[in-house]
Amino acid sequence: MDKSTIVCRCEEINIDEIENALKNGAQTFDDIKRLTRTGMGSCQSKVCLHPVREIIADYHNKDLQDVGISRMRIPLKPIRMGTLATESKDSNVASVFGESVEEGDENR
Amino acid sequence: MRIDKTHDVIIVGSGVVGSSIAYHLSERKKHSILLIDKGFPLSGTSGSTQAWVWVHSKVPSWYGELSLYSAELYPFLERKIGDVEYKRTGGIAPFFTEAEKEKALKLAEKQAEVGIDIEVLSRDEVLEKEPYLSPNIAGATFSKIDGNVNPFRLVELYIKSAKKNDVQTSFYNQVISIQKNGDIFHLETLKGTFKTKKLVIAGGPWSKELGEMLNVNIPIKQVRGQILITEPLQPFLKHTIGGVRQADNGEVLIGYSKEEVGYDRRTTLDIVQQTAKMAIDFIPHLRRANVVRSFAGIRVIPLDGFPIIGEIPEVEGAYIAAMHSGVTLSPLVGTLLTELLIDGETSIDLSRYSLERFNESNIKSI
Ligand SMILES: Cc1cc2nc3c(=O)[nH]c(=O)nc-3n(C[C@H](O)[C@H](O)[C@H](O)COP(=O)(O)OP(=O)(O)OC[C@H]3O[C@@H](n4cnc5c(N)ncnc54)[C@H](O)[C@@H]3O)c2cc1C
Ligand code: FES
Chain P
1 MDKSTIVCRC
11 EEINIDEIEN
21 ALKNGAQTFD
31 DIKRLTRTGM
41 GSCQSKVCLH
51 PVREIIADYH
61 NKDLQDVGIS
71 RMRIPLKPIR
81 MGTLATESKD
91 SNVASVFGES
101 VEEGDENR
Chain U
1 MRIDKTHDVI
11 IVGSGVVGSS
21 IAYHLSERKK
31 HSILLIDKGF
41 PLSGTSGSTQ
51 AWVWVHSKVP
61 SWYGELSLYS
71 AELYPFLERK
81 IGDVEYKRTG
91 GIAPFFTEAE
101 KEKALKLAEK
111 QAEVGIDIEV
121 LSRDEVLEKE
131 PYLSPNIAGA
141 TFSKIDGNVN
151 PFRLVELYIK
161 SAKKNDVQTS
171 FYNQVISIQK
181 NGDIFHLETL
191 KGTFKTKKLV
201 IAGGPWSKEL
211 GEMLNVNIPI
221 KQVRGQILIT
231 EPLQPFLKHT
241 IGGVRQADNG
251 EVLIGYSKEE
261 VGYDRRTTLD
271 IVQQTAKMAI
281 DFIPHLRRAN
291 VVRSFAGIRV
301 IPLDGFPIIG
311 EIPEVEGAYI
321 AAMHSGVTLS
331 PLVGTLLTEL
341 LIDGETSIDL
351 SRYSLERFNE
361 SNIKSI
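Those sequence lines, one after another, are chains P and U. UniProt numbering applies: residue 1 is where the first sequence begins, and numbers increase by one. UniProt numbering applies: residue 1 is where the second sequence begins, and numbers increase by one.
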């Protein structure tokens, strides 16, 4: 395949860029993701995960099943903020301003 | 790489802290340097961070001052290592009650003593700067010095520039134990034994384990933070807002949660829901935005909250850099450790940040 073939459509990343990350020592899908943004686009790697795994497998001479997938996280499908916020009770979420004035607070 | 060679410096950990130290040290071209990581750069906390370069609400003011000096190094750093997408957007920390205004004024007064300019904004003044913020806020503190950076680009370019200056790297290589024989450290790793005259521990949330290899207690705790990311939205937020920022690609990152759950990087529904509520409390329009992803990272928080930077007492030749806000502080920490390792003294007095402050008995036995 042509090296300029796009494998991650959402972030417009081509084969060449993936191979470059591998040349720099990347081993996992997530290593490549953090270097190139592959998989961080609007489909959240639903399209590019498998083509990229194939490139990793080829490069490292591994079987496809030995190349792990990305860490899957909430939400698996986009969800409205307002829907998520319902049912939220009190909170482990702190205030930046609050922390600047609480004497003796530890987490600065 | 010849394994039997003795390096001048080995840095363990190539997150934002370790890679900055490697780069800044390499600029002087004095040392043979090896950077080791058990994973790949960015697999630790530096790959799951909000990446504000944040100064104005850091207290007490001497800690604010440290953050200020570091933020001021960013434009020059970018000249040297390339585009890390540093943007000095100005920072806004909203408050929601009138009573907090007094405190805000006091903060502004204190920070002014060290040269951090803070304006205390009324509700209307805040809304003029950021029209989408909630009309329920009472006001905010604002400073021009705050901003943000792309942490992925930052670490990548620290390492790339360090390599250009002949720093060697060994990734996917865990350090398993450390011995000191005479003046030389022997690091037992997955890929063999490496020797060095000086050793820098930059292990982020794993600093404690690395300290134990030297029989030293590194008093840090691990505090998880969970972040939500929206779909790309039209640019509508100009500033870095305490808890919320919009990236260049339109995605909004929201979060300021804190939980002590050890090294557990899962995201959980309860915190995700609380964070969504915070997003709407701050910016009501976000109610209709789609959340596409969450992530979690583990903060490295020294027990008193302040960075640990400097020599490890009683283990000559060993140094440590462990801190929260390592993104903000990395340019300065890299610079200071370079001064310490090469010149033996630093332009900013580090005694306040020494490991020694925790007590004399942090050395178990050696
Ligand atoms: C949710 C969240 C939001 C944050 N927001 C901000 C912010 O807005 N601004 C800011 O300035 N800071 C922020 N921080 C803090 C900042 O991200 C951290 O202070 C910084 O990333 C720490 O970098 P580090 O290099 O010390 O650690 P890490 O990036 O974790 O690097 C440590 C490295 O050491 C390696 N290592 C560990 N043990 C070994 C071993 N035995 N052998 C070999 N290698 C080893 C690891 O693999 C790892 O790569 C945030 C943190 C979190 C979690
Ligand atoms: S194709 Fe890669 S994130 Fe959508």
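One or more hints might be untrue.
Cut-off 27 Å, straight-line C-alpha distance, at most; resulting in silico cross-link-like pairs (DSS-like, lysine-lysine) [claimed, not checked]:
| hint | chain 1 | residue 1 | chain 2 | residue 2 |
| --- | --- | --- | --- | --- |
| 1 | U | LYS221 | P | LYS23 |
| 2 | U | LYS30 | U | LYS258 |
| 3 | U | LYS160 | P | LYS3 |
Which residues of chain P face chain U? A few of them, derived with a C-beta cut under 7 Å, are [as the list claims (entries may be wrong)]:
| hint | residue |
| --- | --- |
| 4 | ASN20 |
| 5 | LEU22 |
| 6 | ARG34 |
| 7 | VAL47 |
| 8 | PRO51 |
| 9 | GLU54 |
| 10 | ALA57 |
| 11 | TYR59 |
| 12 | ASN61 |
| 13 | GLY68 |
| 14 | PRO75 |
| 15 | LEU76 |
| 16 | PRO78 |
| 17 | ILE79 |
| 18 | ALA85 |
| 19 | VAL96 |
Since the hints were made in silico from the structure, they are not lab data. In this text, all values refer to a predicted model and were calculated from it rather than measured experimentally. C-beta: ideal position from N, C-alpha, C; glycine also.
Taking the hints in turn, this is what the structure says about them:
no. : hint               : result
1   : U:LYS221 - P:LYS23 : violated, 35 Å
2   : U:LYS30 - U:LYS258 : violated, 41 Å
3   : U:LYS160 - P:LYS3  : holds, 23 Å
4   : ASN20              : violated, 11 Å
5   : LEU22              : violated, 11 Å
6   : ARG34              : holds, 4 Å
7   : VAL47              : violated, 14 Å
8   : PRO51              : violated, 20 Å
9   : GLU54              : violated, 20 Å
10  : ALA57              : violated, 17 Å
11  : TYR59              : violated, 14 Å
12  : ASN61              : violated, 16 Å
13  : GLY68              : violated, 13 Å
14  : PRO75              : holds, 6 Å
15  : LEU76              : violated, 10 Å
16  : PRO78              : holds, 4 Å
17  : ILE79              : holds, 5 Å
18  : ALA85              : holds, 4 Å
19  : VAL96              : holds, 3 Å
The structure fails to meet hints 1, 2, 4, 5, 7, 8, 9, 10, 11, 12, 13, 15 from the earlier list, while all remaining hints are met.
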